[in-house]
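> If you read the protein sequences in the order shown, they are chains A and B. In terms of our numbering, the first sequence opens at residue 334 and continues consecutively. In terms of our numbering, the second sequence opens at residue 19 and continues consecutively.
None of these hints come from the bench; they were simulated from the model. Please note: incorrect hints may appear among the correct ones.
Straight-line Cα separation of at most 30 Å, DSBU-like style, residue types lysine-lysine; simulated pairs [stated by the list, open to error]:
{"id": "1", "chain 1": "B", "residue 1": "LYS87", "chain 2": "B", "residue 2": "LYS67"}
{"id": "2", "chain 1": "A", "residue 1": "LYS346", "chain 2": "B", "residue 2": "LYS87"}
{"id": "3", "chain 1": "B", "residue 1": "LYS95", "chain 2": "A", "residue 2": "LYS346"}
{"id": "4", "chain 1": "B", "residue 1": "LYS87", "chain 2": "A", "residue 2": "LYS429"}
{"id": "5", "chain 1": "B", "residue 1": "LYS95", "chain 2": "B", "residue 2": "LYS40"}
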Amino acid sequence: DAGVTQSPTHLIKTRGQQVTLRCSPKSGHDTVSWYQQALGQGPQFIFQYYEEEERQRGNFPDRFSGHQFPNYSSELNVNALLLGDSALYLCASSRKTGGRYQETQYFGPGTRLLVL
Amino acid sequence: AQSVAQPEDQVNVAEGNPLTVKCTYSVSGNPYLFWYVQYPNRGLQFLLKYITGDNLVKGSYGFEAEFNKSQTSFHLKKPSALVSDSALYFCAPTGANNLFFGTGTRLTVIP
């Protein structure tokens, strides 16, 4: 049973560019959440997708957007990259149960983004 | 407002000794509490969670955690530490919102 997978593993971009990160959830999961983990910090919630719609969003600007496909996989897009966007981007998947957040989120290995 | 505090940035323990990683939280409503572990250059691995019921929760790799509602704490424990337990540990409550992480506690088990 494959766990959560993410691609690419590493990425180097320059300021002002755009980037797309990809995530495939664990088998049987229908909800995908994205987190940003800056160096030395804990993960910060970006947004969550369920039924192909953004359901919740953390305190991130509109430059961060996403998408969920019918097969539950998801993309995270970041426009107009800033140096401060350099971080490990983590995808987590879970099952949705009536809107309550008691379901365990399982994390992928992350994509490390470096913005120069 | 929702918050989590792990008061120790670093915990050192000798191999074979018991370990405790502390966590206190503040959430509105009934809390759901999670512990995750992160190894270098890796994603987060789920250890255990408290939803309701027994205050002592048992999880993966011999870890357990005790929920204390009056002290709003959810400390992670293990009776006998292994060198392979050395990693970064995160306590993460939920509640009205998604998982909320603090800065974590780095555990080092000394051989």
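> Look at each hint and say if it fits the structure.
So, going through the hints one by one against the coordinates:
At most 30 Å may separate the alpha-carbon atoms for a hinted pair to count; LYS87 of chain B and LYS67 of chain B meet this at roughly 15 Å. Distance restraint check for LYS346 of chain A and LYS87 of chain B: the Cα-Cα separation of roughly 46 Å exceeds the 30 Å cut-off, and the hinted pair is therefore not satisfied. A hinted pair counts as satisfied when its Cα atoms are at most 30 Å apart, and LYS95 of chain B with LYS346 of chain A does not qualify at roughly 41 Å. In summary, the hint linking LYS87 of chain B to LYS429 of chain A is supported, as the alpha carbons are separated by about 26 Å, within the 30 Å threshold.
A hinted pair counts as satisfied when its Cα atoms are at most 30 Å apart, and LYS95 of chain B with LYS40 of chain B qualifies at roughly 9 Å.
The earlier numbered hints that this structure contradicts are 2 and 3.
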